[in-house]
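A.B. asks: Residue numbers (the working numbering), protein chains in the order written: chain C, 1 to 306; chain F, 1 to 439.
Hints may contain errors.
Unchecked claim - Straight line, CA to CA, 27 Å or less: simulated DSSO-like cross-link-like pairs of lysine-lysine:
1. C:K159 x F:K90
2. F:K221 x C:K159
3. C:K159 x F:K84
4. F:K69 x F:K164
5. F:K64 x F:K93
6. F:K178 x F:K69
7. C:K159 x F:K73
8. F:K90 x F:K64
9. F:K73 x F:K344
10. F:K168 x F:K233
11. C:K159 x F:K60
12. F:K383 x F:K213
13. F:K233 x F:K259
14. F:K402 x F:K190
15. C:K159 x F:K93
16. F:K164 x F:K184
17. F:K184 x F:K265
18. F:K233 x F:K300
Unchecked claim - Have a look at the derived ranges for each label pair, beta carbon to beta carbon:
19. C:A167 x F:K233: 19 to 29 Å
20. C:D246 x F:T83: 32 to 42 Å
21. C:R90 x F:K337: 56 to 66 Å
22. C:V53 x F:D417: 36 to 46 Å
23. F:T83 x C:S205: 30 to 40 Å
24. C:V134 x F:T83: 32 to 42 Å
25. F:L86 x C:N235: 57 to 67 Å
26. F:P39 x C:L156: 42 to 52 Å
27. C:V134 x F:K432: 54 to 64 Å
28. C:I285 x F:Q67: 49 to 59 Å
29. C:D246 x F:K337: 39 to 49 Å
Bear in mind the hints are in silico, worked out from the structure with no lab data behind them. Just so you know, these numbers come straight off a predicted model, no measurement behind them. Even glycine gets a Cβ: it sits at the ideal position worked out from N, Cα and C.
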Amino acid sequence: MTSPSSPSSLAVRKAAPAAGTTPGTAQGPPPRRIAVLPTAVLVLGALYCLLPVLWVVIASTKSGRELFSTFTFWPGSGFADNLTDLSAYRDGIYWRWMGNSALYAGLGALLSTAVSAVSGYALAVYRFRGRETVFNILMAGVLMPPVILAVPQYLLLAKADLTDSYASVLLPLILSPYGVYLARVYASAAVPGDVVEAGRMDGASEWRIFTRIALPMMVPGLVTVFLFQFVAVWNNFLLPYIMLSDDEKFPITLGLFTLLEQGSNTPALYTLVITGALLAVVPLIALFLVIQRFWSLDLLSGAVKS
Amino acid sequence: MPFTKHRRFHATSLALALGAATLTACGSSDDESQAESGPAALTYWAWTPGMDKVVDLWNKGPGKKEQIKVTVKKQASGDTLVTKILTAHKAKKAPDLVQAEYQALPTLVSNDALADISGEVGKAESEFPAGVWQQTTLGSDAVYAVPQDSGPMMFYYRADLFEKYGLKAPATWDEFAKTARALKKKAPDKDLTTFSANDSGLFAGLAQQAGAKWWTTEGEKWKVGIDDAATRKVADFWGGLVEEGAIDNQPMYTPAWNKALNTGKQIAWVSAVWAPGTLTTAAPDTKGKWAMAPLPQWSKGENTTGSWGGSSTAVTTDSDHKGAAAKFAAWLNTDPKALGALAKEGGIYPAATAAQTSGAFAEPPAFFAGQKDFYPRAAEIAKTAAPGAWGPNVNVAYTSFKDAFGSAAKNKSDFGDALTTMQDATVADLKKQGFGVAP
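Only chain F is shown next, with the shape it has when bound in the complex (with noise of 0.2 Å):
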């Protein structure tokens, strides 16, 4: 009795869920033209401040000749939008557009919700850095999204103090090290900077710059490699670093961390392009103080980043005007006028690669006043950032990366362990979720 009500069930939503497949077959007409003309209305979620005026440039340009109208519903960003969306698709209800991070992407592909935009946005391939470009793709000939903002990583420094302690900007890793002891040596109560184990994208974009590839795909099935040697490197050169009490231990974003930059007790810090900022907010004292140098590199003469944030503009598989919104994705992301508004209304750093030396980058950010060259560097950075391989449970790794390396740091325990768990986790996760699992 149980097995036939539940047939029944299936029957019913399988029945509905066709209806709708067909409803939605008949609204849209891409399927059969490239040409789509007519009126077209989209909703579009993003998170971006300011969105809505640099969408208002399309609908009153571009928009209006072709037009389609997008009307901006502005989100909250993070893994609760992931989420949102994916419910609303289980209703066949997801907007048009959405903004999503880039280690989001596996996550709605893997979930159907995200529609192959190859056929209009394939040709703004070459506009962007092909390690980003790369992550809209997910290594297939689709395309997903088309990339929006970049987070190439770099290091910050207090330019006063590194120079009041005979410091220089390290070039490697190694000497990042020896900088960190040097300073603990002249100042004992500073810290060059700390390990946060609250930040997965921090860690996972320093794997990336040593060559991790935490998720690539085997066929039909999923590989692992968040254990890899490339990452093990990363995690024993910061745990080492905070088991002999080189650097500190605390994580960022916290109040503490706020004070500790801007009273000079932490004085540099690993981040990305948006750091500026960041450190607006976090520490106003210390305003034209900072200087920026490209991320430490693991041998000498090698010239590569990782990445940290960054988000693309994707088009639903809900949309019934799927060639519209790829329009106005590439148009959004390509088009120099709509970058410079995304720049000056969103305060984003254009993954487009024409965009970053734009006449918005002319000058520097205002808390980097002094460093007349911070956005000619950064679009040198940008150029070198290694792809990122994400996978369709990237919140799972990076929730266990927050328990297991909080403890170790905590307690500053080998950092190894950590990164087993962490890959251990994310395994068993996938297997869970159904997916095959390449050993």
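One chain only, chain C, in its complex shape (with noise of 0.2 Å):
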């Protein structure tokens, strides 16, 4: 937040006082400046992306009588009616729904990880025939939309009349191109070849270098993988919306969707809606704030020194 520089200005700052540049601030830190324009453009920022979530907190303390009645930023007092509205709903389908996503989500997320983690260590630390055709390939999947994709995955499962079941959700998931980008990025930054040399030497078997020494240390890499996946497929809609018929194996995203379009003589179920997209949210915020501490782990915490 202090200037735009400021992800170099510790390199600068440790070499500034032996070379005696800025004599004037060689005893300390040199005072912070707010740059007032930076500033103003990222709170502007902050402000347009924190509005919307503003709204829906306080949107889903409204009453549907309150909702469109009463001043937008001024909380209501039927949240708890709300809440109890959303359970009853169908005999609690919503829950039903946010289990499903979490399923999607949590499963999808790990599997597809655990996939990238071997294929990104494997692009990484092994040299073979065709491996830069391998990761070429990989790196188109990384351009191309999943968007498309929903589609034509959709006709490949039905042919294995895999369509309208929970495996359709999670298959295509499970090989996710940017994760497998990302782990061989991570493993070959990460994972110094000596380590693995180190290992062989020792006798070590090439899984058990890959589980015992490479894995723990692409861990932060990993994660990152993970939160990406989890958050993807959380907010997923097409895929679902395409190859899911059944609302009781609806994600949440598909779910909230059927509430809203309930035909043109039926209204949409508005406080409904905004208080499940709010709750819907709160597990996100909690994985991130669950996992934010293992990303502190960085690149430093290799093994050999250089």
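Hey, can you piece these two chains together into the complex? The hints should help.
C.D. replies: What follows is the structure in structure tokens.
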């Protein structure tokens, strides 16, 4: 938030006293100057992002009567009722959707992280014929928006008679080109060739080297992959929309959509959708808070000194 | 080389498609015999709330006897569902039964997704108003769906405020315009209503009332009449009112619109029979203050209305039990018990004439408690619904309406130009899709 050049300021600061180019500030860290324009831009950006969230939070406290008739940012009195209504709607199907979302996102992200870890590691550490080709194809996959693939994937799974099942949503998620790409980049940076070599010298099998030595080194990167995948699956709409027709298997995104689109003669259940949307964000926030600390381990936690 | 590859691909997919076709042919027996019996499990995509409860009645009653079990899979309504059905149909996996809005039927039929069920449900024709039934036949001898609910259009107004400003429910559109101007004079900050460029269905219904036929067939070709004289009359009428500022030009179904209705800034609404439900959530503070009247007419003595909304039950070509599915569709939409449950659980206004005056509609909607004859009058109005004429690219016409009329309403410019844009876009899209278009 201080200035655009702050990422590099650490290096500059370290070098500065020795070089003696800035004698005035050599005694300590330079005084922080708040750059007005960048700060203002960032504050605006933060407002832009947070205002809709605030709207959802406040709107979820309003009863159907208050929703459109009271001042937008004035809390209402219906939060408890909204929660009860939402839980009561069709015998609590909302919580089933929530569970489905957790299953798709949790299991899907876990599987896809596992696949990404193995393939990313293989692509980074082993040299084999066609390695670059495989990687380039994966790169092409990164550029391909998953939305485009939803319909072909549906037609493919329909041939295998797997549509409208939990597997139909989970299977296409397992291979994430972006995850593999991230894992490869991370593995090649975090797992030094020397360490792998040392493991081999000590007689460890390749699998053992991967699980016992490389995997722990890759954890921060894999956490990132997991989080990316989790959020992507949690927010995914089109793939489950095409694959699933049984609303007992719907994730929360689809469920809320059916609450909104009830046909022209039935008013949308706005209060339920808003409350449902608010609750749907809570697990994501919780996940971020929990997993955040894994990120503080960074590339420096490698095993060899350079 | 690319050619051969291409051809091989086509040959393979053709073989696959043929294989699938033979399989379906083996699985179904309704081609040979109408009296199909034996157990059948059907799936049904529908969005009507509470449909599962209505289907339970079938599964425990007539369905049990006939060994036809129906499972509802609740869907979101709208154009997205049409796309979903077509995608599933591509994989030959569409459900046995689907709920479809009337204007979506030609799209589904032109993709060969809907089965002709005239043999099974043809005799139900007399149960429905002609203008509604005609939409399920697309003007042919085939029948592609059974009407479920309909949305005959009406005029809703705040009875208390009309009295306060000395206004009367307009009988003709001419009076409607005069009413709008009179209100502006007495209360400049109020509007009679608004022209909403977001609601293509409303405009289509108004055009129907004026006698417009947007899509018709001429031999093997489609003829698009979006800019015909009737529609032009409607567009010019509303464009004129917007231009002179007699009515508002903001879209409907927005928080601002809800507020305008709730606070009495807008005191009337051209809508359909399902309006009470919408008003209940949009304008909760105005309960009991509204009244319903027939839609204003283009000339005195006429008695026609348009339709806004409504849907039908259709059987797909992918179904292995078309006969059984058609039997269920007919029961669902003509059986008094089923229709009663649909009205109670799903809040629909049935298309079947007899059901419109049944016990479920003895009492007026709670929001209109003061108007005792709400439903008897509604049933009278429903009989006068003009037929709808839909084509295979209603979605394109609707999108074009939103764009062209949206900017025309905002700028208070000529609605006639917007209509021309809409016509051209629709014709161009039909041609692009490979349909023959008659000039």
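A.B. asks: All the hints need checking, so say for each whether the structure fits it.
C.D. replies: Hint check:
1. For the proposed pair K159 (chain C) and K90 (chain F), the alpha carbon gap of about 11 Å is at most 27 Å, so the pair holds.
2. At most 27 Å may separate the alpha-carbon atoms for a hinted pair to count; K221 (chain F) and K159 (chain C) exceed this at roughly 35 Å.
3. Of the pairs offered as hints, the one joining K159 (chain C) and K84 (chain F) holds, with about 17 Å between alpha carbons and a cut-off of 27 Å not exceeded.
4. For the proposed pair K69 (chain F) and K164 (chain F), the alpha carbon gap of about 56 Å is over 27 Å, so the pair is violated.
5. Using a Cα cut-off of 27 Å, the hinted pair K64 (chain F) and K93 (chain F) holds, with the two alpha carbons roughly 25 Å apart.
6. For the given pair, K178 (chain F) sits about 56 Å from K69 (chain F) by alpha-carbon distance, which is inconsistent with the 27 Å threshold.
7. For the proposed pair K159 (chain C) and K73 (chain F), the alpha carbon gap of about 21 Å is at most 27 Å, so the pair holds.
8. For the hint pairing K90 (chain F) with K64 (chain F), the CA-to-CA distance comes to about 32 Å; that exceeds 27 Å, so the pair is violated.
9. Under the criterion of a C-alpha separation no larger than 27 Å, the hint pairing K73 (chain F) with K344 (chain F) is consistent with the structure, at around 19 Å.
10. Between K168 (chain F) and K233 (chain F) the CA atoms are separated by roughly 24 Å; this keeps the pair inside 27 Å, and the hint holds.
11. With a C-alpha separation of about 34 Å, the suggested pairing of K159 (chain C) with K60 (chain F) is violated against the 27 Å cut-off.
12. Taking the CA atoms of K383 (chain F) and K213 (chain F), the gap is near 19 Å; set against the 27 Å cutoff, the hint holds.
13. In summary, the hint linking K233 (chain F) to K259 (chain F) is not supported, as the alpha carbons are separated by about 31 Å, beyond the 27 Å threshold.
14. As the CA atoms of K402 (chain F) and K190 (chain F) are separated by approximately 25 Å, the hinted pair is consistent with the 27 Å bound.
15. Simply put, K159 (chain C) and K93 (chain F) have alpha-carbon atoms about 10 Å apart, close enough for the 27 Å limit, and the pair holds.
16. Restraint check: the Cα-Cα separation between K164 (chain F) and K184 (chain F) comes to about 14 Å, which is no more than 27 Å; the hinted pair holds.
17. Distance restraint check for K184 (chain F) and K265 (chain F): the Cα-Cα separation of roughly 11 Å lies within the 27 Å cut-off, and the hinted pair is therefore satisfied.
18. At most 27 Å may separate the alpha-carbon atoms for a hinted pair to count; K233 (chain F) and K300 (chain F) meet this at roughly 16 Å.
19. Between A167 (chain C) and K233 (chain F) the C-beta distance comes to about 56 Å, which lies outside the given range of 19 to 29 Å.
20. At about 18 Å, the beta-carbon gap between D246 (chain C) and T83 (chain F) misses the expected band of 32 to 42 Å.
21. Separated by about 22 Å at the C-beta atoms, R90 (chain C) and K337 (chain F) break the suggested range of 56 to 66 Å.
22. For V53 (chain C) and D417 (chain F), the hinted distance range of 36 to 46 Å is satisfied, since their beta carbons lie about 41 Å from each other.
23. Taking the beta carbon of each, T83 (chain F) and S205 (chain C) are about 51 Å apart, not inside 30 to 40 Å as hinted.
24. Taking the beta carbon of each, V134 (chain C) and T83 (chain F) are about 34 Å apart, inside 32 to 42 Å as hinted.
25. A beta carbon spacing of about 25 Å between L86 (chain F) and N235 (chain C) contradicts the range 57 to 67 Å that was offered as a hint.
26. Distance hint for P39 (chain F) and L156 (chain C): a CB-CB separation of about 31 Å, inconsistent with the stated range 42 to 52 Å.
27. Between V134 (chain C) and K432 (chain F) the beta carbon distance is about 39 Å. The supplied range of 54 to 64 Å is therefore violated.
28. A hinted range of 49 to 59 Å for the beta carbons of I285 (chain C) and Q67 (chain F) is consistent with their spacing of about 51 Å.
29. Range check, D246 (chain C) to K337 (chain F): about 26 Å between beta-carbon atoms, so the 39 to 49 Å window is missed.
Checked against the numbered hints above, the structure violates hints 2, 4, 6, 8, 11, 13, 19, 20, 21, 23, 25, 26, 27, 29; every other hint is satisfied.
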